[in-house]
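Student: If you read the protein sequences in the order shown, they are chains H and D. To convert, note that position 190 of the first sequence is 216 in the working numbering; the numbers rise steadily by one, no gaps. To convert, note that position 199 of the second sequence is 225 in the working numbering; the numbers rise steadily by one, no gaps.
Derived by calculation from the structure, the hints in this document are not laboratory data. Source: prediction; values computed, not measured. By construction, the Cβ of each residue, glycine as well, lies at the ideal position given by its N, Cα and C atoms. Be aware that a few hints might be false.
Straight-line C-alpha distance at most 27 Å; calculated DSS-like pairs for lysine-lysine [to be verified]:
1) K394(H) - K394(D)
2) K364(H) - K242(H)
3) K364(D) - K262(D)
4) K79(D) - K120(D)
5) K304(D) - K262(D)
6) K55(H) - K55(D)
Taking beta-carbon pairs under 8 Å as the criterion, some of the chain H residues facing chain D (in silico) [said to hold, decoys possible]:
7) P139
8) N146
9) A150
10) E153
11) Q154
12) S183
13) D252
14) A256
15) E259
16) S278
17) G451
2 protein chains.
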Amino acid sequence: MDKEKLANMKFLFDPATVAVIGASPNPNKLGFHVMKSLTQGGYGGQIVPVNPKATEVMGIGCNPSLESYPGRVDLVIVVVPARAVKEVFIQCSKRDVKGIVLITAGFKEIEDPVGTRLHNEIRAIAEQTRIPVIGPNTFGFINFHASLNASFTPEFSLINRGRIALVSQSGGMAHLLGFLALRQDVGFSKIVGIGNRLNVDFPEMVEYLSQDPETKAIALYMEGMDHPRAMIEVAKKYSAIKPMVIYKTGISKVGDQASLSHTGSVAGNYDIYESAFKQAGLIIARSAEQLLDFSKVMAHCSLPRGNGIAILSGQAGPGMAGADVCEREGLNLVSFSKETQQRINELLPPLALRTNPVDMGPAWYDAKAIAGIVEAVMNDENVDAILLYMMFASANMDAVERLSTLLKEWSQRKPLISCLLAPQGIWDSQVEELEQAGALVNLPTPERAASAMAALWRCAATLRKQIT
Amino acid sequence: MDKEKLANMKFLFDPATVAVIGASPNPNKLGFHVMKSLTQGGYGGQIVPVNPKATEVMGIGCNPSLESYPGRVDLVIVVVPARAVKEVFIQCSKRDVKGIVLITAGFKEIEDPVGTRLHNEIRAIAEQTRIPVIGPNTFGFINFHASLNASFTPEFSLINRGRIALVSQSGGMAHLLGFLALRQDVGFSKIVGIGNRLNVDFPEMVEYLSQDPETKAIALYMEGMDHPRAMIEVAKKYSAIKPMVIYKTGISKVGDQASLSHTGSVAGNYDIYESAFKQAGLIIARSAEQLLDFSKVMAHCSLPRGNGIAILSGQAGPGMAGADVCEREGLNLVSFSKETQQRINELLPPLALRTNPVDMGPAWYDAKAIAGIVEAVMNDENVDAILLYMMFASANMDAVERLSTLLKEWSQRKPLISCLLAPQGIWDSQVEELEQAGALVNLPTPERAASAMAALWRCAATLRKQIT
């Protein structure tokens, strides 16, 4: 990407001043919701509503035009109808605007050739002046670290600040992922809806985010691609630097057709994409939940040296479910070293499963025994990573608390993904504390924890291969 | 199953009096937790704690032995050590007890041959007197319709009463599924941990539950099987009457070994089981979440005539994700009839996806248009079932409310599975109301909704095939 455009991207996502062209006091207009997002999201910069027909919006005085505002404007959010957009772009190019969010739809994706012509015209203006444009046909973006909600959905601001950047070709999927994240305590650095990608497509976003210090892992939701080769090249280059996971739909025939209409690009043969993605170091997710799970562990787990896994379970069944997934996904349930096995045999009665996957259930009432098992397995040189499962059962009320110090001190010297599940309000705050301390990443089921472990291992292999 | 034993099963699950052998005032004993479950779970029958060393437990006077209690006892819950269990069984057989829950572990599953001998001895007593026994090595069971929590986990009583019966070979998995259900508003008729299956195994449970009027769908979690042929025969017979879904682990080599130790049975070759299960009319789930999702739709959805699906989505992306799953799972995204397509074209602008999957997004502000589209598709004779997706985006705040009357009146004349997702507290109560009215079943993601639709279609095909 052009250096000037890349430099402008930084202003786009972290602007000192934001103007909203089409700001509105009418709740039936998107310009109302955008203003609500900006003003209620905690943004500390200057907000400049522009609307010739309004005097003020949300208590901020309106400007009749962008021209009439005397100060500098970094980011312009556009919600006026398509026919008025070209004039806005011309004004932006005159005002040294750094970036545009073009929420308006009705360009390349409509059947009418007028849309394509307009698309090309505004694209030419943006490219000439090196203004990166998010959209058209987007909800916008959120930069959680700047408390900047530049979208038409104020509720995005409810989501936690975190380390995952989500780039989505679909607004609906971004909302889905955001609200799933709310329920699963996943935090984001940025959520960006790239929509119909006037001049900021997946390659540009990946390049920018690879250099974004607030982003530890990049999650991509893709339908179709206009420039697959550029995407593969960028992925190859930057997947060595930052973990990236991709979920691509449009696999089915109808999906392919839908993609063409939805965002103006052909989804194409999925198998070809998938093998190219894998070769380029992208980790493949197969559902919205996997996209979240995988990017969560990539953003918060240490990296395993290899695929040698230990499953420590408070009950046998979840351990078996996890073992099935591990085997299917190419992970290796290791045999413990002689010393480790001896230690476990000392601590668990014969009626328990004492080999991997270990059933720690019979030691529930013996906090020292549980901690002893976990510690022995952590230090076993055969073990690269640990899956820790515990289902609440009232007799094990203190189980998480009793492991807390050990887990915090260990601090993922080897990666630790858990499924610690209880009725709401029993273990939640303890698990959250362990997550925030970096002691583990918790996922909702044993199977999802095991799948995420496999993704983490593939990610580690990619990073290592590309570094050496 | 023997008629007398089957008759006794009804008393076991719905007893007038429950005795707890090993009831304890000490929170470090399982006998404490069982008493807590019974007393706090809302059970209306008589509770009889038995413990020669205690005078009372939770305010109820203790009996030194079962013999010393003068009244009739239907259900006996046993939490005393394995060595004391045989004597309890002898007493039970003398007292005309109808059923036993044997929580105690340490029988067939331990390495010591004493365990197997004891197992066989108590089994002989139970079989002779036709007493069905849940366990050994189980947490117990919950009959939600009798508010009877006969388990060592009082928190099971937090779960909603519903129409799904869960039979689990693993206590850990039953706790996992129960606490997942809590978070996903799934309700159960019964949760039963069959543990090491003294004389009540999967076939007996399936036979009993097929005749249980409170159970609409049966969810089975299985590790290994002692009598595969009996299971397949029972499944064949009763899957024509009631929807049944099965999740089996122990697929991996280590899982197989673990199963042998965990519940004393070999898990065996998964592929052989799977094809036998399918032929017997069982629906296959591949994760704990699928087991819940599938049984939820089977318990609450009408049955589709065929596999012709319409996807109506408030945003294009989720519709595409759903379409991919539909195609993979053998569902057919139908072409709408000429009349339906014409109606949709009238109601949606050209910029929208107007064919299946439909993107209703551009009509968000037009409640009549949305309702018009949904109604036209409902009445389309090509359509057998509907997937309805809507992601909250603040501008569509009223979207669920506006469809509410139409959906309730329609009342699943064709099955309707939805993914209606918003931040907590926005749509929750409206969605819950629609679920309770039987208007739809809501699932957490578009992909899971589509997978569940495929399971529902397979279930309908099974029921139809076996009836005709």
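Student: Look at each hint and say if it fits the structure.
Tutor: Hint check results:
1. K394(H) - K394(D): violated (64 Å)
2. K364(H) - K242(H): Violated. K364(H) to K242(H) sits at ~38 Å, over the 27 Å cutoff.
3. K364(D) - K262(D): Given pair K364(D), K262(D) is violated - Cα atoms ~41 Å apart, limit 27 Å.
4. K79(D) - K120(D): Answer holds: K79(D) to K120(D) is near 23 Å, not above 27 Å.
5. K304(D) - K262(D): Roughly 9 Å separates the two Cα atoms, so the pair holds.
6. K55(H) - K55(D): Distance of about 62 Å is beyond 27 Å: violated.
7. P139: Since the shortest Cβ distance to chain D is 12 Å, the answer is violated.
8. N146: violated (17 Å)
9. A150: Violated. Min distance 22 Å.
10. E153: It is violated, given that the least Cβ distance between E153(H) and chain D is near 24 Å, above 8 Å.
11. Q154: violated (27 Å)
12. S183: S183(H) check fails; min Cβ-Cβ to chain D is 10 Å, beyond 8 Å.
13. D252: violated (17 Å)
14. A256: Hint on A256(H): violated, closest Cβ of chain D at ~22 Å, above 8 Å.
15. E259: violated (25 Å)
16. S278: holds (4 Å)
17. G451: Where the cut-off is 8 Å and the nearest Cβ of chain D is about 10 Å from G451(H), the hint is violated.
When the structure is compared with the earlier hints, violations turn up for hints 1, 2, 3, 6, 7, 8, 9, 10, 11, 12, 13, 14, 15 and 17 and for no others.
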